[in-house]
Amino acid sequence: MSEQIKNNAIHSDKSEDKTSLSSKIEKLGLNYINKKKSYLFISTLFPICLLIINVSTITYLFILFGVEEEEVWKFMHYIFTKSFDSLFILFFSIFQLIFLISWRKKIKEFNVQRESHSLQLSEDPTEIPERTTSLPRLFYNLVAYMEKHRIIFIVFNFVAFYILFFNFWTFPLFEWLNIFSTLFIIFYLGFQWFHFFKWNKKFSRLRTFEKKVYKELDL
Amino acid sequence: MGTTKYRTSNLIIQDILDVIIQMENKNANLKKGIIKSHLIRYTALKTATAEKYLQKMEKAGYIISQEQAWGERKIIVYITTPIGRERYKWFVKINTEMKL
Numbered sequence: 001m002s003e004q005i006k007n008n009a010i011h012s013d014k015s016e017d018k019t020s021l022s023s024k025i026e027k028l029g030l031n032y033i034n035k036k037k038s039y040l041f042i043s044t045l046f047p048i049c050l051l052i053i054n055v056s057t058i059t060y061l062f063i064l065f066g067v068e069e070e071e072v073w074k075f076m077h078y079i080f081t082k083s084f085d086s087l088f089i090l091f092f093s094i095f096q097l098i099f100l101i102s103w104r105k106k107i108k109e110f111n112v113q114r115e116s117h118s119l120q121l122s123e124d125p126t127e128i129p130e131r132t133t134s135l136p137r138l139f140y141n142l143v144a145y146m147e148k149h150r151i152i153f154i155v156f157n158f159v160a161f162y163i164l165f166f167n168f169w170t171f172p173l174f175e176w177l178n179i180f181s182t183l184f185i186i187f188y189l190g191f192q193w194f195h196f197f198k199w200n201k202k203f204s205r206l207r208t209f210e211k212k213v214y215k216e217l218d219l
Numbered sequence: 001m002g003t004t005k006y007r008t009s010n011l012i013i014q015d016i017l018d019v020i021i022q023m024e025n026k027n028a029n030l031k032k033g034i035i036k037s038h039l040i041r042y043t044a045l046k047t048a049t050a051e052k053y054l055q056k057m058e059k060a061g062y063i064i065s066q067e068q069a070w071g072e073r074k075i076i077v078y079i080t081t082p083i084g085r086e087r088y089k090w091f092v093k094i095n096t097e098m099k100l
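Residue numbers (this note's numbering), protein chains in the order written: chain A, 1 to 219; chain B, 1 to 100.
Calculated from the structure, these hints are not laboratory results.
Nothing here was measured: the structure is a model prediction, and the numbers come from that model.
All C-beta atoms, glycine included, are put in the ideal place defined by N, C-alpha and C.
Okay, derived cross-link-like pairs now, DSBU-like style, lysine-lysine, Cα gap no bigger than 35 Å in a straight line: (1) K35(A) - K148(A); (2) K56(B) - K201(A); (3) K93(B) - K148(A); (4) K46(B) - K148(A); (5) K37(A) - K24(A); (6) K215(A) - K5(B); (7) K5(B) - K108(A); (8) K106(A) - K89(B); (9) K52(B) - K74(B); (10) K35(A) - K89(B); (11) K201(A) - K27(A); (12) K211(A) - K36(B); (13) K215(A) - K201(A); (14) K46(B) - K56(B); (15) K105(A) - K89(B); (16) K202(A) - K59(B); (17) K212(A) - K52(B); (18) K89(B) - K52(B); (19) K215(A) - K24(A).
Residues of chain A clear of chain B, computed beta-carbon distances all greater than 10 Å: (20) L45; (21) Y60; (22) F80; (23) T81; (24) F88; (25) I94; (26) F95; (27) N157; (28) L177; (29) F191.
Okay, chain A solo, but in the shape it has when bound (with noise of 0.2 Å):
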């Protein structure tokens, strides 16, 4: 079995069908974590933009209504909504433009390594410099990201669907927000779950594919 391995690798070792696919397998990558990095801006600004939607919303409630007294109680529910929605969408946003920062830094080191790496026969192995990012680690990175982004999503989609019934009944005055931020969330949440839609069928194909190498080498 394993000389018929050798000898297949070596007569098939055409050199260029070795170099479009390791420079094919690069561009994909790094167009793949472009996208995803678009990807992760929009949805680290869409919370953001919702956040500075609640903040003016109560900065504005503030400073220009004055509450009548048999209103207090519908005010002060509605400053403790939009200060616990505003809290939450804040964890959220952080929690995305961390990985956001981090990832980046991670893909610039991996753009100067993979100009400034290049490894030659007759170096010394301990000149040699060690990686510490690469295309499979980048993308397992993403992956570890967003098992962890879909569980807070689920929580978020709870949030949303409340700020969403709580937005059918508040102040007349507030309306015309309202309407800016129930069109908005459902817009996000659509975004979103078209997002994780995919990513679900990619992390059972995922799966199949580490169970299935993982049996192959008999680890």
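Once you have looked at the hints, place chain B on chain A.
Leaving out everything else, chain B in the frame of chain A:
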């Protein structure tokens, strides 16, 4: 727990394949593959871990080792097999959600 076990192993395997394929590309017109000690150093793996994975990968037919003369010394060079390249291609395909 189970997923972590598969994931950790798979990351090491894909990382090794990635380095070998990269080197095959860079050295396309020179010597093929990568020297074992360079591979271990570059992937930043512990020698024992790297040895274990390299043996398993060779046994599974993902890579092959070739003994080559380097001056008066002998060196072990690793190259990928079509199966190894195929597995790496699958991995990239799944991750990039694209056809290759």
